[in-house]
Structures are given as C-alpha cells and as structure tokens.
Amino acid sequence: MKAEKWLEKNRLAKILLNNSHLSRENLLALLLYYWKPGTTFEEIAAKLGIQRAGAWKRWKKGKDAVLRSFYTIELGIYCGVLDPEVAEVLLEDLRDYISLVKGGENPERIKDRIELRMLKLLGK
Numbered sequence: 001m002k003a004e005k006w007l008e009k010n011r012l013a014k015i016l017l018n019n020s021h022l023s024r025e026n027l028l029a030l031l032l033y034y035w036k037p038g039t040t041f042e043e044i045a046a047k048l049g050i051q052r053a054g055a056w057k058r059w060k061k062g063k064d065a066v067l068r069s070f071y072t073i074e075l076g077i078y079c080g081v082l083d084p085e086v087a088e089v090l091l092e093d094l095r096d097y098i099s100l101v102k103g104g105e106n107p108e109r110i111k112d113r114i115e116l117r118m119l120k121l122l123g124k
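Each residue of the sequence shown is one higher than the one before, starting from 1 at the first, in my numbering.
Possibly wrong hints are sitting among the right ones.
As the list claims (entries may be wrong) - Listed next, the in silico DSS-like pairs over lysine-lysine satisfying Cα-Cα at most 25 Å (straight line):
(1) K60 - K47
(2) K111 - K36
(3) K63 - K47
(4) K2 - K63
(5) K57 - K2
(6) K2 - K111
(7) K36 - K63
(8) K36 - K5
(9) K14 - K36
(10) K2 - K102
(11) K60 - K14
(12) K47 - K57
(13) K36 - K2
(14) K5 - K57
(15) K2 - K14
(16) K61 - K36
(17) K14 - K47
(18) K61 - K9
(19) K111 - K9
(20) K9 - K36
(21) K5 - K61
(22) K14 - K63
(23) K2 - K61
(24) K63 - K102
(25) K36 - K57
Bear in mind the hints are in silico, worked out from the structure with no lab data behind them.
Small disclaimer: the values here were computed from a predicted structure and weren't measured.
Go ahead and model the full structure; you've got the sequences and the hints to work with.
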C-alpha cells in the first residue's frame with residue numbers, strides 16, 4: 001500500500017511518528033482516508049486487513065490525537081510556556097503548508113524546507 005511504503009521510506013515521518021501522539025496504525029488510517037478523497041472505511045479496512053468498525057476507530061483515534069496535539073500547542077501559547085523557537089518553526093511550517101495546499105509553490109521545495117526545519121528542531 002502506498003501509505004505504508006511512504007512511511008517506511010520517509011525517515012522524517014518515522015522520527016515524527018515516534019515523537020507524536022499517533023500510533024502507526026492510526027496514522028496509516030488517516031493517510032489512507034485523506035490522501036485519496038472519497039475513500040470509504042470499507043476500503044481502508046480492506047487495505048489494513050481489519051473490520052470496517054476497526055478502520056473507523058483507528059481513523060477517529062488518529063484524528064482525535066491530532067486535535068489534542070493542536071489544543072496542547074494552543075494551551076502552551078495561551079499560558080506563555082511554548083518555546084519561541086518551536087513557535088517560529090510551527091508558524092513557518094503552517095505558512096508553507098497553506099502554500100502547499102493552495103498550490104502556490106513547488107511542492108518539493110516546500111517539503112524540503114519543512115523537513116530541514118523539523119530536523120533542525122529535532123537536533124538531527
């Protein structure tokens with residue numbers, strides 16, 4: 001499956017996954033759902049070798065984990081405890097992400113910048 005191969009080959013994705021609130025299974029469910037609009041939970045279940053309800057639960061847990069992470073960052077900002085360096089990287093990544101989604105610039109160039117910032121932040 002495309003998502004699983006991407007996750008295996010992408011070093012930064014593996015590092016970020018290990019440092020995130022997502023499990024590998026939940027991330028795969030999210031990737032399968034969002035990378036191909038219109039994908040059903042039946043299709044996701046078939047690709048993951050699980051029941052439809054299990055595919056939905058993995059997707060829901062993944063989505064909830066992403067939202068909890070967002071609220072954690074918001075709380076850090078609100079309380080004034082988010083490291084300014086992290087805030088700057090986050091802001092630059094969000095700007096690049098918006099540009100990527102809107103098709104404003106070369107996607108590979110944007111992804112390269114995001115990867116460089118993340119590796120710098122992670123100290124790799």
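Exercise. Hey, K2 versus K63, does the alpha-carbon distance stay inside 25 Å?
Worked result: 20 Å, holds
(message) Hinted pair, alpha-carbon criterion (25 Å max): K2, K102. Please report holds or violated.
(response) 23 Å, holds
**Asked** K2 and K61: Cα distance at most 25 Å?
**Response** 21 Å, holds
| If you draw a straight line from the CA of K5 to the CA of K57, is it 25 Å or shorter? | Judged against 25 Å, a Cα distance of about 22 Å means the pair holds.
Q) For the pair supplied as a hint, K2 and K111, is the alpha-carbon distance within the 25 Å limit? A) Holds, because 18 Å separates the two Cα atoms, which is no more than 25 Å.
task: Given the hint that K111 pairs with K9, test it: the Cα-Cα distance must not exceed 25 Å.
output: 15 Å, holds
Are the Cα atoms of K63 and K47 separated by 25 Å or less? 19 Å, holds
Query raised in the report: Within a Cα-Cα threshold of 25 Å, do K60 and K47 meet the stated pairing?
Result: This hinted pair holds, its Cα atoms lying about 17 Å apart.
Self-check item: Satisfaction of hint between K14 and K60, Cα-Cα up to 25 Å
Solution: Roughly 21 Å between the alpha carbons, so the hint for K60 and K14 holds.
With the threshold set at 25 Å, check whether the alpha-carbon distance from K36 to K2 stays at or below it.
Measuring from Cα to Cα gives roughly 11 Å; hence the hint holds.
Notebook entry, point to check: CA of K14 to CA of K47, is that 25 Å or under?
Noted result: Satisfied, since the Cα-Cα distance of roughly 20 Å is no more than 25 Å.
Notebook entry, point to check: Is the Cα-Cα distance between K2 and K14 25 Å or less?
Noted result: Distance of about 15 Å is within 25 Å: holds.
Going down the numbered hints, you'll see the structure goes against none, and every one checks out.
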